[in-house]
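**Student:** Now for the letters of each chain:
There are 2 protein chains.
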Amino acid sequence: MPIVPPLRNAPIIATKRLKRSENRRKTPTPMFAPPASPHARLSDQKANPVNPIPDFSRGQAFPGTSGLLPAIAQDVANGRVLMIAWMDERAWRETVETGQAVYFSRSRGKLWRKGETSGHRQRVEEIRVDCDADAILLKVQQTGVACHEGYESCFFRRVESDFSVNIADTRRLDPDSVYGKST
Amino acid sequence: MPIVPPLRNAPIIATKRLKRSENRRKTPTPMFAPPASPHARLSDQKANPVNPIPDFSRGQAFPGTSGLLPAIAQDVANGRVLMIAWMDERAWRETVETGQAVYFSRSRGKLWRKGETSGHRQRVEEIRVDCDADAILLKVQQTGVACHEGYESCFFRRVESDFSVNIADTRRLDPDSVYGKST
Chain G
0 MPIVPPLRNA PIIATKRLKR SENRRKTPTP MFAPPASPHA RLSDQKANPV NPIPDFSRGQ
60 AFPGTSGLLP AIAQDVANGR VLMIAWMDER AWRETVETGQ AVYFSRSRGK LWRKGETSGH
120 RQRVEEIRVD CDADAILLKV QQTGVACHEG YESCFFRRVE SDFSVNIADT RRLDPDSVYG
180 KST
Chain B
0 MPIVPPLRNA PIIATKRLKR SENRRKTPTP MFAPPASPHA RLSDQKANPV NPIPDFSRGQ
60 AFPGTSGLLP AIAQDVANGR VLMIAWMDER AWRETVETGQ AVYFSRSRGK LWRKGETSGH
120 RQRVEEIRVD CDADAILLKV QQTGVACHEG YESCFFRRVE SDFSVNIADT RRLDPDSVYG
180 KST
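These protein sequences, in sequence, are chains G and B. Note that the first sequence covers residues 0 to 182 in numbering that gives the first Met the number 0. Note that the second sequence covers residues 0 to 182 in numbering that gives the first Met the number 0.
Only chain G is shown next, with the shape it has when bound in the complex (with noise of 0.2 Å):
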């Protein structure tokens, strides 16, 4: 529940731009045509402001990519926040269209498919863009452990006020019997 609930209560409101369509007033929903085609051109994107696929011409630069976007990993059983990594283009497109997930590795600079080598992969169950569409996240159910370090989540480490920091978390599995020589 949210910190203040008389927001929960309060009517939809519609902005001005979703004045534009009296329809989509009604809808608390709506449903928006989908673009022309999967791969559709940016320009297409910004042609239509209200149904805005990741932009990956605002993502950070890489050699090689359109731009990478951040793409946050949740686990869709238990609402934890497993990993972040980046997509370009690419692997965004390679994740819609086959529900695994995939990134773009920028330490090896090539696609990233979750879950190759160690078999822990993620299947993708629901993908939500964020308000600038510069920000990617799937809610995906998690085979095995999402780091690399053994961990559930990568973020097993707190900060405390002081700034001192704790392993909060319990290692699930040596990460030496997943990435070792013999795998």
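Hints listed in this document are in silico derivations from the structure and should not be mistaken for laboratory results. Among the clues, some could well be false.
[Stated by the list, open to error] These stretches of chain G come out as covered by chain B in the derived footprint (C-beta under 8 Å, 3 or more residues):
1) 66-74
2) 135-149
[As the list claims (entries may be wrong)] Cβ-Cβ distance ranges computed for the label pairs, FRET-style:
3) E96(G) to R57(B): 29 to 35 Å
4) E115(G) to S163(B): 25 to 31 Å
5) S104(B) to T97(G): 32 to 38 Å
6) H147(G) to S176(B): 42 to 48 Å
7) S163(G) to E115(B): 24 to 30 Å
8) H147(B) to L110(G): 31 to 37 Å
As the structure is a computational prediction, the values presented were derived from the model and not from experiment. Just so it is clear, CB atoms sit at the ideal spot from N, CA and C, and this is done for glycine as well.
The hints should help you fit chain B onto chain G, whose structure is shown.
**Tutor:** Just chain B now, with coordinates in the frame of chain G:
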């Protein structure tokens, strides 16, 4: 609950790094000594890899900052991912010291004390950093709504497998009432 139950019951296996200290092996959630100073230099972090605080030298370059790292805000009450923004080292320090979320606004090129205009502040209940020390997770008590468009979360658009986009959430308030001239 995780997808693969056996991992939950697996023994806690210390890695080579943890084996350096016998005490650490006995403690599932070991407490580490805080840095010498809250303003510890980056070289100190690198000398103590098991106790990293965010390494802003690894962040996205931006004029006037030591680097920007992504910071995810998650609602501590219901687990929703509310937004993602950026922090430089000053924003990070102020966030930890004050317990209120402070980001760095790339569009305005300055510190952004979340809620300073809207009143929709984020009280920080817990801070996590990730395994690579280049991403931050804030668990927050959100006053009002996180999104400047009036939604509880900035991630209010859902993307379907055919790349179509729906608004999947209900708008909580009219942004004009918050960001209008009179407020």
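**Student:** Compare the structure with each hint and give your call.
**Tutor:** Here is how each hint holds up against the structure:
Requiring three or more residues with a Cβ within less than 8 Å of a Cβ of chain B, the coverage given for the stretch 66-74 of chain G holds, as 4 such residues are present. A count of 10 residues in the stretch 135-149 of chain G with a Cβ less than 8 Å from any Cβ of chain B is obtained; the coverage claim is therefore met, three being the minimum. In this structure the supplied range 29 to 35 Å holds for E96(G) paired with R57(B), their Cβ-Cβ distance being about 31 Å. Between E115(G) and S163(B) the C-beta distance comes to about 28 Å, which sits within the given range of 25 to 31 Å.
A beta carbon spacing of about 35 Å between S104(B) and T97(G) agrees with the range 32 to 38 Å that was offered as a hint. Taking the beta carbon of each, H147(G) and S176(B) are about 45 Å apart, inside 42 to 48 Å as hinted. At roughly 28 Å, the beta-carbon separation of S163(G) and E115(B) lies within the given 24 to 30 Å, and the hint holds. Here the CB-CB span from H147(B) to L110(G) is close to 33 Å, well matched to the stated 31 to 37 Å.
In summary, this structure violates none of the numbered hints.
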